Amino acid sequence: MRSSTPLRPDRPASPSGRTVPPLRFLPGPRPRRIAHRGLALDGAENTMRAFEDAVIAGADMLETDTRATSDGLALAFHDEDLRRVADDPRRIDRLSTVDARQVRLAGDEPLATLEEVLGTFTDLPVNIDVKSPSAIEPAVAAIARTGSAGRICLAGFDDAVTALAVRRVREVTGVAPVRSPSRRAIALFLGLVASEAPHAVVRRLLAPYAALQVPRAYRGIPVVTPRTVAAAHRAGCEVHVWTIDEIPAMEELLVMGVDGIISNRVDRLGHLLDGPREQNRHAGR
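Mapping the sequence shown onto this note's numbering, position 196 (from 1) lands on 309, and the numbers just tick up by one.
Hint data in this document are derived by calculation from the structure and do not stem from the laboratory.
Note that the coordinates shown come from a computational prediction; the quantities given were computed from them, not determined experimentally.
Just so you know, not all the hints are guaranteed correct.
With beta-carbon atoms standing in for the labels, derived distance ranges [stated by the list, open to error]:
hint, residue 1, residue 2, range
1, Thr210, Ala330, 37 to 45 Å
2, Pro339, Val314, 47 to 55 Å
3, Arg280, Pro328, 21 to 29 Å
4, Gly263, Glu165, 19 to 27 Å
5, Gly388, Arg258, 36 to 44 Å
Glycine included, C-beta positions come from ideal geometry on N, C-alpha and C.
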């Protein structure tokens, strides 16, 4: 059983010490250990082995992306093409299912389908970044076939794509999945916090969302601060920060009260949360 850490209480409190309202995100322990495309030190990201290794290392939530092949297979895949991960210039949306099944990463790892990920790790929440409009219907079909609508969070930079994916999952499965805001809503949230807008205004803006999933900073401007974390909590949203791979940054964020860390090094995060404090400073080196 995982031990708790003094860096972060399980239930957040406001700076004044008052307990904040219940948060709307999926059930599970906090702080969440969110494996960004699995644990792939050899580059085999978003493969079944990477996700399996992440779970072994202590991940209690998975993060993946989805794109679809030309014939409608939802893959767990981030980039538009295979160039970065397989030295192959072909675009994902121009591959057939047969083509996709033949691709190998890091030597011998096949591409994972979204259905394989959802159907294998049935006891874990999964964050799904829907990368393009063409991925929506294949992703919805995979979610429906695996009965996983109640344990996913939909995300994406394009608000229209994410909103449509949420609507289609609800129409097909009868379950409304939780989601995180896209760039426009995040920018509005930061503006409201900076201008000290009334809490009710912030709550209305974040009402459709269950988690604020953000970088620590954007173009040198801090995004995650004690004020923004407290404001999100007052509005009922968890705060998940990406992509954090170094232990000192993890420590600072946990002290700040974030609810989850999205990391390529969930093994390091596990050492931080589970191991003696002095060992944590040397873990993952």
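Hints, verified against the model:
1. The hinted range of 37 to 45 Å is satisfied by threonine 210 and alanine 330, whose Cβ atoms lie roughly 40 Å apart.
2. Under the hint 47 to 55 Å, the C-beta atoms of proline 339 and valine 314, about 20 Å apart, miss the expected range.
3. Take arginine 280 and proline 328: their Cβ atoms lie about 27 Å apart, and the range 21 to 29 Å holds.
4. Here the CB-CB span from glycine 263 to glutamate 165 is close to 23 Å, well matched to the stated 19 to 27 Å.
5. Checking the proposed 36 to 44 Å range against glycine 388 and arginine 258 shows it holds: the Cβ atoms sit about 39 Å from each other.
In this structure, only the earlier hint numbered 2 is contradicted, and the remaining ones agree with it.
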